[in-house]
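There are 2 protein chains.
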Amino acid sequence: MHIGILGAGQLGRMLALAGYPLANRFSLLDPAGTPSADIGRIMTGQDDDTLAEFLAGVDLVTYEFEHLDTALVERIEAHVPVYPSRRALAVCQNRGDEKALFSHLSIPTPEWRLVGSATELAEAVNAMGAPVVAKSVTEGYDGKGQAVLHHADEAEAAWNSIGHTQLVVEAFVDFVREMSIIAVRSTSGELAFYPMAENHHHQGILRYSMAPLADISDDVQARAEHYIQQLLDELDYVGVLALELFQLADGSLLVNEMAPRVHNSGHWTMDGAVTSQFENHLRAIQGLPLGSTRALHPTCMINIIGREVDASEILAHEDVHLHRYGKSERAGRKLGHLNVTAPTPDELKARLAEVHPLVPDVPAPRFLAWESSREA
Amino acid sequence: MHIGILGAGQLGRMLALAGYPLANRFSLLDPAGTPSADIGRIMTGQDDDTLAEFLAGVDLVTYEFEHLDTALVERIEAHVPVYPSRRALAVCQNRGDEKALFSHLSIPTPEWRLVGSATELAEAVNAMGAPVVAKSVTEGYDGKGQAVLHHADEAEAAWNSIGHTQLVVEAFVDFVREMSIIAVRSTSGELAFYPMAENHHHQGILRYSMAPLADISDDVQARAEHYIQQLLDELDYVGVLALELFQLADGSLLVNEMAPRVHNSGHWTMDGAVTSQFENHLRAIQGLPLGSTRALHPTCMINIIGREVDASEILAHEDVHLHRYGKSERAGRKLGHLNVTAPTPDELKARLAEVHPLVPDVPAPRFLAWESSREA
Chain A
1 MHIGILGAGQ LGRMLALAGY PLANRFSLLD PAGTPSADIG RIMTGQDDDT LAEFLAGVDL
61 VTYEFEHLDT ALVERIEAHV PVYPSRRALA VCQNRGDEKA LFSHLSIPTP EWRLVGSATE
121 LAEAVNAMGA PVVAKSVTEG YDGKGQAVLH HADEAEAAWN SIGHTQLVVE AFVDFVREMS
181 IIAVRSTSGE LAFYPMAENH HHQGILRYSM APLADISDDV QARAEHYIQQ LLDELDYVGV
241 LALELFQLAD GSLLVNEMAP RVHNSGHWTM DGAVTSQFEN HLRAIQGLPL GSTRALHPTC
301 MINIIGREVD ASEILAHEDV HLHRYGKSER AGRKLGHLNV TAPTPDELKA RLAEVHPLVP
361 DVPAPRFLAW ESSREA
Chain B
1 MHIGILGAGQ LGRMLALAGY PLANRFSLLD PAGTPSADIG RIMTGQDDDT LAEFLAGVDL
61 VTYEFEHLDT ALVERIEAHV PVYPSRRALA VCQNRGDEKA LFSHLSIPTP EWRLVGSATE
121 LAEAVNAMGA PVVAKSVTEG YDGKGQAVLH HADEAEAAWN SIGHTQLVVE AFVDFVREMS
181 IIAVRSTSGE LAFYPMAENH HHQGILRYSM APLADISDDV QARAEHYIQQ LLDELDYVGV
241 LALELFQLAD GSLLVNEMAP RVHNSGHWTM DGAVTSQFEN HLRAIQGLPL GSTRALHPTC
301 MINIIGREVD ASEILAHEDV HLHRYGKSER AGRKLGHLNV TAPTPDELKA RLAEVHPLVP
361 DVPAPRFLAW ESSREA
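These protein sequence lines map, in sequence, to chains A and B.
Residue numbering for the first sequence is 1 to 376, as defined by full-length UniProt numbering.
Residue numbering for the second sequence is 1 to 376, as defined by full-length UniProt numbering.
None of these hints come from the bench; they were simulated from the model.
Given the structure is predicted, the values throughout are model-derived calculations rather than measurements.
There could be a bad hint or two in this list.
Incomplete in silico selection of chain B near chain A, CB under 7 Å [said to hold, decoys possible]:
| id | residue |
| --- | --- |
| 1 | Tyr20 |
| 2 | Leu288 |
| 3 | Pro289 |
| 4 | Thr293 |
| 5 | Ala295 |
| 6 | Ser312 |
| 7 | Leu315 |
| 8 | Glu318 |
| 9 | Asp319 |
| 10 | Arg324 |
| 11 | Pro357 |
Selected chain B positions facing chain A (Cβ under 10 Å, derived; list incomplete) [stated by the list, open to error]:
| id | residue |
| --- | --- |
| 12 | Ala16 |
| 13 | Ile39 |
| 14 | Ile42 |
| 15 | Met43 |
| 16 | Thr44 |
| 17 | Leu89 |
| 18 | Glu279 |
| 19 | Leu290 |
| 20 | Ser292 |
| 21 | His297 |
| 22 | Ala311 |
| 23 | His317 |
| 24 | His321 |
A virtual CB, placed ideally from N, CA and C, is assigned to each residue, including glycine.
Produce the entire structure from the sequences given, and follow the hints as far as they go.
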């Protein structure tokens, strides 16, 4: 099967690498014109001729990023199926719609409100209690289009600085850790869930994901699976879906946001699970049976951001897998990741203590999962 | 690093898939003009212009098959390093030289003689005792250029039918199983050995490889490692080397032949070992530290020959990994392979009983490793 991918960055690259063994062929279309995948047939732009060339011979289309023009997706849907669906994409492009869907499905989230004016924003701060974060409902990626308000009298300035007609206002949450769950649903409706990961960000970028977690109960995993399954079913979703969550001190979970694609917090599955998220996304959209999502061993993913590692140093350490994206160095850019595996959580901790200093600009890992063995 | 590969079949394809995560780029040159790899920059032919184009930007060259023109390799060596070396390649291209090297290094083999005439062939049959197999020293791949002799008076006819000036005559060996060991040596001299595999052929083509083996002692593994290490050291070898062996009823090993490349009997490592043979070959030729060769779980590789499997059927079974080569069906052609893994040897046996009937034209697996737990 010949698969088209919208976007030609590292996610498209890793999808293609996972798909060659399934005898898939790939065409990658990078609308923005900055492809880095260096695999398959790569095109840039989104004019009619380029789109026609992209679609020639392609059996279905998927995408590696959600900030896509839905009109483009609509044009493609006239020719071949697009997975995940345009509805899933549209929901993920609008924070208001996304929050409303969570609430509609009784999926717990931090308290939130939709506001359409500086006055409503001020009212929200007063009603919800400061601090709050206000975000434009559309776009707003990696902290752009956002403002933190500590008092209602900051509403006017915040409203003007964000400059959108509609904002989502969210209460701050006193969480003990950030987590995610990755699930996959095929065209046949078959479902599979990966073990939850604990995620750590630094300067707004994911640095570490570790899974599986020794300190979470089956009940926590089951609750996360229930939440994401509500979304998969409601959206008649096909492909991999990622759900980011906050865990509170009492063990409960609040859902933060979702991403309709393979996700950075699922890269550990490449060396840590029986079937990677990339292969399962491809199996799902082709209607093949899903592969086992079982973890093979404790695994920690470390992102390589901005500056490269020395492969000779890194690979001298046992059970470290290097995944480079073939990009040049630039501040804040995701250049690759490492997966470190070990037979036990304690051995993984010891290995990470040796390996993390070899990754530039990454703080020492501090996982809540290491701090106690309590059932959260 | 930009790596050139001579040959653009499935081995080149799997090398490239293993090399993208190391940020390698690939150019593949298929001298015979029948590429199937469908990855990287692919060229065909071996004229000067093609060779110059192939070498442009390439940092080093390796190969996926040993029936290469050594003159071509010599031309390439004038520009960039070629691994494994031309000497290793030349030895593997001449059965007489190969056997002589084994004997020189005190590596046990079936009894053998070199003969240069029909008369010498008849003498060899009488001296060694029939039956024997006579093989041309060069070429002779997959049973071509060979004859089995049951009596000295068949020598004249056999000599004429093979039509070469020099033959290797080998005694038949009453072996209990065929095995192989895969080892890797880097430019720095670092060595690593994979656990031995038990191999089963059908109609002259490998059908099954299983590793690791519960029924072999550390001593047998150590002896095989000793033999292959003699070869690696003597040839100042760089890359993956495969050694095929016969095991006799008393547990002893006789070496059959070697292959200076990644090998079909090592495909189990893709899903069964910490680091695949493909990644380790690439690490070795680039001078990177080698990855662990430790087995993760019992694994069996099944070759898909001539006719395709139904992916929907195959992938419905747990822990089955499909590796297709992107080729069309043709009798005797290697189209792909499966790796079946399981937590224990018994569970692997049960899974294979379910999976092997889904692979066309493959007999039921019968591994010696299943028949007893004796230390061989």
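Evaluation of the provided hints:
1. Because the beta carbon of Tyr20 (chain B) sits about 6 Å from the nearest beta carbon in chain A, less than 7 Å, this interface hint is met.
2. Against a cut-off of 7 Å between C-beta atoms, the interface hint on Leu288 (chain B) holds, since the closest Cβ of chain A lies about 5 Å away.
3. For the restraint placing Pro289 (chain B) at the interface with chain A, the shortest Cβ-Cβ distance is roughly 4 Å, inside the 7 Å limit, so the hint holds.
4. For Thr293 (chain B), the shortest C-beta to C-beta distance to chain A is roughly 11 Å, which exceeds 7 Å, and the interface hint is violated.
5. This hint is violated: Ala295 (chain B) has a C-beta 12 Å from the nearest C-beta of chain A, more than the 7 Å allowed.
6. Using the Cβ-Cβ criterion of 7 Å, the hint placing Ser312 (chain B) at the interface with chain A is satisfied: the shortest such distance is roughly 6 Å.
7. Residue-level restraint check for Leu315 (chain B) holds (minimum Cβ-Cβ distance to chain A is 5 Å; threshold 7 Å).
8. The closest approach between the C-beta of Glu318 (chain B) and any C-beta of chain A is roughly 6 Å, which is under the 7 Å cut-off, so the hint is satisfied.
9. Against a cut-off of 7 Å between C-beta atoms, the interface hint on Asp319 (chain B) holds, since the closest Cβ of chain A lies about 6 Å away.
10. At about 4 Å, the closest approach between the beta carbon of Arg324 (chain B) and any beta carbon in chain A falls short of 7 Å, and the interface hint on this residue holds.
11. For Pro357 (chain B), the shortest C-beta to C-beta distance to chain A is roughly 17 Å, which exceeds 7 Å, and the interface hint is violated.
12. A cut of 10 Å between beta carbons decides the hint on Ala16 (chain B): the least distance to chain A is about 9 Å, and the hint holds.
13. Contact between Ile39 (chain B) and chain A, as hinted, is supported at the beta carbon level, the nearest pair being about 7 Å apart and thus within 10 Å.
14. Annotation: Ile42 (chain B) was flagged as interfacial toward chain A, and the flag is violated, the nearest CB pair being 13 Å apart, outside 10 Å.
15. At about 17 Å, the closest approach between the beta carbon of Met43 (chain B) and any beta carbon in chain A exceeds 10 Å, and the interface hint on this residue is violated.
16. Annotation: Thr44 (chain B) was flagged as interfacial toward chain A, and the flag is violated, the nearest CB pair being 19 Å apart, outside 10 Å.
17. Because the beta carbon of Leu89 (chain B) sits about 27 Å from the nearest beta carbon in chain A, more than 10 Å, this interface hint is broken.
18. Hint status for Glu279 (chain B) relative to chain A: holds, with the closest Cβ pair at about 9 Å, below 10 Å.
19. A least Cβ separation of about 8 Å between Leu290 (chain B) and chain A falls short of the 10 Å threshold, and the interface hint therefore holds.
20. Interface hint at Ser292 (chain B): satisfied, since its Cβ lies 6 Å from the closest Cβ of chain A, which is below the 10 Å cut-off.
21. Given the 10 Å rule on beta carbons, the hint for His297 (chain B) holds: about 8 Å separates it from the nearest Cβ of chain A.
22. Hint on Ala311 (chain B) holds. Least Cβ distance to chain A is approximately 6 Å, under the 10 Å limit.
23. Using the Cβ-Cβ criterion of 10 Å, the hint placing His317 (chain B) at the interface with chain A is satisfied: the shortest such distance is roughly 8 Å.
24. Nearest Cβ of chain A to the Cβ of His321 (chain B): about 8 Å, under the 10 Å cut. The hint holds.
Hint violations for this structure: numbers 4, 5, 11, 14, 15, 16 and 17, all remaining hints satisfied.
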